[in-house]
Amino acid sequence: MARTVQATVNGRKYYEENVEPRLLLVHFLRDRLGLTGTHVGCDSTNCGACTVMFNGKAVKSCTLLAVRADGAEITTIEGVADEDQLHPLQEGFWEKHGLQCGYCTPGMIMSALQLLERHPDPDEATVRQELEGNLCRCTGYQNIVEAVLWAAERLKSAGA
Amino acid sequence: MPMIGQSIKRREDLKYVTGSGTYVDDITLPGMLYAAFVRSPHAHARLLGVDTTKALEHPKGIDAITGAEAYPLAGPMPVYSYREAAVIKKPDYRCLAHDRVRFVGEPVALVAAADRYAAEDVAELVEVEYEPLEPLMNPDESIKPDSPKLHDNLDNNVGLRIERRGGDMEAAYREADFVFKRRYRMHRHTGTPIETRGCIAQYNTGTQELTLHCSTQIPHILKTHLSEILDFPEFKIRVIAPDVGGGFGNKLQVPPEVVALCLLAIKTRRPVKWIETRRESLMAFLHAREQTHDVEIPMKRDGTILGIKSHEIVNAGGYLDARISGPSLGAGMWLPGPYMVKGFHVDIDAVMTNKCPYGAYRGFGSQMGALVIERSLDLIARELSRDPVDLRKQNVIKETPYKCVTGHEFDSGDYMAGLDKALEMVDYGALRAEQARLREEGRYMGIGVAMAVEGAGWNTYTAAMAQHYVPTLDYATVTMRMDTSGNVKVLIGDVACGTSHATTAAQVAADAIGLPIDTIEVVEGDTAVTPYDSGTRAARFSAVVLPAVAESGMALKKKVCRVGAHLLEGAEEDMEIVEGQVQVRGVPGKSLPVSRVARVAYSEVATLPHEIPAGLEATESFKAPMSGLCITWPYSIHIPVVEVDIETGTVKFLRYAIVHDCGVEVNPMVVEGQVVGGTAQGVGGTLLEEMVYDEDGQLLTTSFMDYLIPTATDMPSFDVCHLQTAAPQIPGGYKGMGEGGCVYAYAAVVNAVADAIEPLGVEITSTPLSPSRILELLREARG
Numbered sequence: 013m014a015r016t017v018q019a020t021v022n023g024r025k026y027y028e029e030n031v032e033p034r035l036l037l038v039h040f041l042r043d044r045l046g047l048t049g050t051h052v053g054c055d056s057t058n059c060g061a062c063t064v065m066f067n068g069k070a071v072k073s074c075t076l077l078a079v080r081a082d083g084a085e086i087t088t089i090e091g092v093a094d095e096d097q098l099h100p101l102q103e104g105f106w107e108k109h110g111l112q113c114g115y116c117t118p119g120m121i122m123s124a125l126q127l128l129e130r131h132p133d134p135d136e137a138t139v140r141q142e143l144e145g146n147l148c149r150c151t152g153y154q155n156i157v158e159a160v161l162w163a164a165e166r167l168k169s170a171g172a
Numbered sequence: 021m022p023m024i025g026q027s028i029k030r031r032e033d034l035k036y037v038t039g040s041g042t043y044v045d046d047i048t049l050p051g052m053l054y055a056a057f058v059r060s061p062h063a064h065a066r067l068l069g070v071d072t073t074k075a076l077e078h079p080k081g082i083d084a085i086t087g088a089e090a091y092p093l094a095g096p097m098p099v100y101s102y103r104e105a106a107v108i109k110k111p112d113y114r115c116l117a118h119d120r121v122r123f124v125g126e127p128v129a130l131v132a133a134a135d136r137y138a139a140e141d142v143a144e145l146v147e148v149e150y151e152p153l154e155p156l157m158n159p160d161e162s163i164k165p166d167s168p169k170l171h172d173n174l175d176n177n178v179g180l181r182i183e184r185r186g187g188d189m190e191a192a193y194r195e196a197d198f199v200f201k202r203r204y205r206m207h208r209h210t211g212t213p214i215e216t217r218g219c220i221a222q223y224n225t226g227t228q229e230l231t232l233h234c235s236t237q238i239p240h241i242l243k244t245h246l247s248e249i250l251d252f253p254e255f256k257i258r259v260i261a262p263d264v265g266g267g268f269g270n271k272l273q274v275p276p277e278v279v280a281l282c283l284l285a286i287k288t289r290r291p292v293k294w295i296e297t298r299r300e301s302l303m304a305f306l307h308a309r310e311q312t313h314d315v316e317i318p319m320k321r322d323g324t325i326l327g328i329k330s331h332e333i334v335n336a337g338g339y340l341d342a343r344i345s346g347p348s349l350g351a352g353m354w355l356p357g358p359y360m361v362k363g364f365h366v367d368i369d370a371v372m373t374n375k376c377p378y379g380a381y382r383g384f385g386s387q388m389g390a391l392v393i394e395r396s397l398d399l400i401a402r403e404l405s406r407d408p409v410d411l412r413k414q415n416v417i418k419e420t421p422y423k424c425v426t427g428h429e430f431d432s433g434d435y436m437a438g439l440d441k442a443l444e445m446v447d448y449g450a451l452r453a454e455q456a457r458l459r460e461e462g463r464y465m466g467i468g469v470a471m472a473v474e475g476a477g478w479n480t481y482t483a484a485m486a487q488h489y490v491p492t493l494d495y496a497t498v499t500m501r502m503d504t505s506g507n508v509k510v511l512i513g514d515v516a517c518g519t520s521h522a523t524t525a526a527q528v529a530a531d532a533i534g535l536p537i538d539t540i541e542v543v544e545g546d547t548a549v550t551p552y553d554s555g556t557r558a559a560r561f562s563a564v565v566l567p568a569v570a571e572s573g574m575a576l577k578k579k580v581c582r583v584g585a586h587l588l589e590g591a592e593e594d595m596e597i598v599e600g601q602v603q604v605r606g607v608p609g610k611s612l613p614v615s616r617v618a619r620v621a622y623s624e625v626a627t628l629p630h631e632i633p634a635g636l637e638a639t640e641s642f643k644a645p646m647s648g649l650c651i652t653w654p655y656s657i658h659i660p661v662v663e664v665d666i667e668t669g670t671v672k673f674l675r676y677a678i679v680h681d682c683g684v685e686v687n688p689m690v691v692e693g694q695v696v697g698g699t700a701q702g703v704g705g706t707l708l709e710e711m712v713y714d715e716d717g718q719l720l721t722t723s724f725m726d727y728l729i730p731t732a733t734d735m736p737s738f739d740v741c742h743l744q745t746a747a748p749q750i751p752g753g754y755k756g757m758g759e760g761g762c763v764y765a766y767a768a769v770v771n772a773v774a775d776a777i778e779p780l781g782v783e784i785t786s787t788p789l790s791p792s793r794i795l796e797l798l799r800e801a802r803g
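Chains as they are written, first to last, in the numbering used here: chain H, 13 to 172; chain R, 21 to 803.
Keep in mind the hints are simulated off the structure, nothing from the lab.
Hints may be right or wrong, so weigh each one.
Stated by the list, open to error - Covered, in the sense of this in silico footprint (three residues per stretch, anywhere, with C-beta under 8 Å from a C-beta of chain H), are these stretches of chain R:
{"id": "1", "region": "33 to 39"}
{"id": "2", "region": "208 to 214"}
{"id": "3", "region": "289 to 302"}
{"id": "4", "region": "517 to 525"}
{"id": "5", "region": "732 to 744"}
Cβ atoms here follow ideal geometry from the backbone N, Cα and C, with glycine treated the same way.
Isolated chain R (complex conformation):
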């Protein structure tokens, strides 16, 4: 029975349900010190001096490092850019602040102490002198030419400018009967994995090796960047990602804190552990999402969308994170959605302010693009007195492949069929009738529709900044090693962070080789034993890594068959492996267990002909063909049905239907888990979560008491329908998935809430939609 397509139970779960997983804080090394950061209490200040004398007088204060000491030892943090039309003016972003601090929580010094609690005591004794400066919190102000500059080496506060054009926007305006215009504002929130960041850095003076145990999604890339930043030989750095307690794109970061930790490990000659507190994490781990879009959509009166134009402003924070251009461009490129438009035009400014740096989070910006187009369609439908679904049907791409005006080629899928399926799941016609009936009773039910094509496997970074390495994610290399008993280790340079790789990669490997799955084990996360890989990101695992697993498995199978053919005195091409037996195709009884073949290949090598090499190991790479900016094109339709309580401002879900197509599903249970989990994260981000700063730049949401992530009672049950249109260019037909739920939920939920309270005169163009915000909107509408 083939393993691909089966919802088998996860092979990694036994350790997790028994508490025997190993996350970074579960690791203790001999002689290990604990580290704590001294962080800025100011949003913006000149750094006049950092004095560690008193801290080091503490009996448990072992050592410390300041920004001034770190400056000559560690180069700037990396920033990637895109191939086209991007300008990055690089702020001087260092692991510890050295001249000015530019957001609350920015690290200014790092101390090492004998234990976890003492580290915090010692950090408190570090004396820092600041001269507070006026903070810049609003990008609309900060972008103005006369605004004070946050970075002396920039011309102004625009850290990144991207301009993208596609199709014929002039024709779109020319043919338009009217131009729909709005300003949308999306709020700041982020992934908040339940495991915060953490790392142990260790320097061995004898081998001159730097070893890190680090909660990261990118062990290999982190290694390469550390080598550049620290000017340290890459082959002397080993990064081990143990179990990772959630990543959600946030852990794609190259954390400045980890650079500082390496310096302290080298300085103290002892392993140093840093485990981030939640407060630190909310202040200084990456934030995401905050953008505004000034949008124009030229329209025909008959409902035809002709084009879309936006000026997008991203609140980039105090420094540019390596991936700033990703979520910035991601939003811009997703503006046309799955609709046929003639023209596309986006100007993106990522603007420096005194907030936490802005980085990657599940969906990589595409939810803002989806929100803009999906919200606009609903508002346009209202203006034209049309049903919003009807307007979508008129404009949706009817056939694939379709060359989108952005340059993407959507290679497969039937968006109309997906929409129809979702409408059927909620019984759309009946729902509208029910809505009308409830309104008469003074109850406010809303139906939200959002659909989008998700680009899975972005690959657009380029070495615009020549001094920095830039990872590319369109290939994967996988090694398979069979041991002397015929069991196989699959070595992958990725990291699972809830993403079920140990199961799905084993399923693909089992089918490729022809072995029972319980003889296969996946090994990930350690740069010393796995092939180079760009990490768990961009929904690339299914589309790029799994095909590499299959190719490597087939190569290993060939080697086993070669030895088997010799032992069975058959032709190599007649060999097959079925359920762990090497056999001659069509000749019953002529077979050997793979374990016997393995034994011969390792320990009876002398009995093999000279041209058959010893051992059983294969390494193969898969290079994914690109389709525009991305590798595969999964898509989804979300229809949440909500009821808004206009007395309390709370949103209750009555239904939530999802149609999802990510090509061939290796493990439908795992796919559904990702779809539902992603959607929940999107719902939370829309309704509850917000990073709130006051006008002085103080972050007001520094614990989970203030930053509300959804609980079990906030979430509905989601109904998921799986469509499976094979990816035409990917062997196996897999498409990336895992980000989608989080992309579509945002637009769908906003549309549902808006649809509910629209009869009360409320127009929603900004988020979050927290109860207090909904009440505020209702109050404003009442006047």
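Just chain H, with the same shape it has in the complex:
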């Protein structure tokens, strides 16, 4: 039975009728709402390319059903920047060459958002551990780690 899903995504209200119960959240975001920044890489919750913030928690949207999003608040990569002002994580990935093909980047940034919420002043080992659920095939992770540490520094000095 198709359902209606009402959700707040990136601060905007969405109302979608006829949502198939089996529709995955990632396809709901991409195909129904047109938010194509969230990617699919593995279909099995391993690679993290589909990571979004769901009611304040980083989740992999490829194994969550869209109907679960009824009443939820979701942030995708499209909602991370504050208008034209990039989030320090976005700046960090750019500054530190934390991406090559860019496919894993949105998911990586969403996981890193949660990482910095949990660990505002992380060390390298913590960053690596917290990003274990996100796979990157291009960078070898070195510059991703640098990017997150750069953003942490930036956020700290902004908060100070």
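Fit chain R to the supplied structure of chain H, relying on the hints for placement.
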């Protein structure tokens, strides 16, 4: 300030960090259908019938195509061969199976449905009748003369035979005090870009044009091949590669799936999208690497390597991919490494089995050659009670240019200096002392050394199969178009797949023309607007494409200066462009903004003398001189330091030092990103990743839960030292790069692990070195 040599931030990144990149699955066309493949569950079976009736009764099932229908509509998939000593017996490889299936995941039919989910439902309703046959999984069995044949039109199961000889192997044996012999076995793994394959095919009945949006590294070559396979006019095909989420050589493939998709688009008269699932991708996208080498190395007792001989067996899978000869020959040609040897001899058999076809993956086979020689040197050093570094120093090429026994001419570089630098980075002497101390504590630290010359820009394909087009990659053509405001588009027929072209090509263009970089933009990937190009492959972008960017930029500059000279009433040869101003050299104040010149060239044409043409556009080609099989010769030395936990079999990195020389670096940040990323991929391939088939030919690794690609915690921090020996034959001095990390890591990491556990009586001659495999080796050694 010149742009070349600066680590400027990438110009393509804003879209990626904001989620506004456009990959193929982000594109939706009006009226678009979704496609799904029906794939074989059997490794080997006769195909008795494919029935789509029930599938098309599904309310959302729009159309379907089977192998039998496709057979007369699409010709065989292409196979390239090499100029010399190659025999290819061509299996009949079609876009959809029509008589037999030869690997698990081989496509047998394609359906189109109204949406993504329905496509999978509809595909499940296709009824296929199989008669299972005995699978051939082991190339050592399949190569035997009495083995059943996988392809009726072949004499046996050898799909490709290459024989290469160099120097004087007989003399090498004659002078030898002993002959070192081993069998090495490298396991099957592959590139697995995080974006799987995907394509939208669309046929316009009015224009009779076929348009593809496709995740590929080779839009122009794909267009040419599709034209041949489908017997469709090439100028009516347009391939657009949007953002590509990783390629790693895998996306050099001409996918049979894309051919079938074109047929379905033509049949349905609607755009059809196919996005591969990860499961499909692991089963049916290209696999790579799996080889065995039976090696003989005639040696002198004083440590001189005299020659190297190998019988190389490649497990080619059920069909020959277009590029089968590349990674096969690549391994063979890299056997002598950067060492002085007298003789070289390799016989290569690519053998048909019931596995996924074998194709290109970053490094193109050279890592297997590097593994054979580097592992052998360590084992020989042990036999001779020598330090492995010392043995390398004795045999390494001391001076360049050096004519290698394979026929390659290594044109530049100082390999000994590179090795010394790497040893200094890890403090080799102190490390050996530390290793001895740790061993006494029962801890197993290992130091691996591997060095190699990388051939960047292979160019050896030839039209051995006359019916197929064969791409050549030793030239590039670039167009520069200045608009009416003085901004420039650089049009390149390549595709960036993480390779930073939008940045590095703009850096080179900015210097060539004399414009600020923010007035330059790179356009790639669309065959309708870019010049013909053989694509992003073989590390050719720096060595071949960037010189073409420079030449095209200089040609455009000349045109701007010509108009400028007229406007400033100066001589054309006295003009220069500095920071976007056309000026008379040495005459301060006599200048004009380029934007003014552009305006005149486009809209005040009547004011120009008759001999000055309208508009500002230039197209130039660069033809790279060849040095043996390749265009440029970057090199690297890798020294990983590991500790092996003999209780768990896990490998921990303590250090990882890399010395890398790819000539002049346009953007050192980008170079380092490629070196580190490539190395990580090599490390993952050595320690974690393996495509595992059971004896019935079922693939057991069909998700990232089973096929383990490295995570952030598996990877160390890499220390990279950049040397820059300019390529003597390439304007600008650039050498190709990007594959190297992935080439040397394999041998270096295997040597490091072997060095760690060698005191426990373990000899490593095969991969992967997963924890379970390391424990197994330790158990075997204990007896």
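Each hint tested on the structure:
Given a C-beta distance limit of less than 8 Å, the hint that chain H covers the region 33 to 39 of chain R holds, as 7 residues qualify and 3 suffice. Here's how the region 208 to 214 of chain R fares: 4 of its residues keep a CB closer than 8 Å to some CB of chain H, so the rule of at least three is met and the hint holds. Counting residues of the region 289 to 302 of chain R whose beta carbon lies closer than 8 Å to any beta carbon of chain H gives 4, which meets the minimum of three for the stated coverage. Judged by the Cβ-Cβ criterion of 8 Å, the region 517 to 525 of chain R is covered by chain H as claimed, because 4 of its residues qualify and three suffice.
Coverage of a stretch by a chain is defined here by at least three residues with a beta carbon nearer than 8 Å to that chain's beta carbons; for the region 732 to 744 of chain R and chain H the count is 5, and the condition holds.
In this structure, every one of the numbered hints holds.
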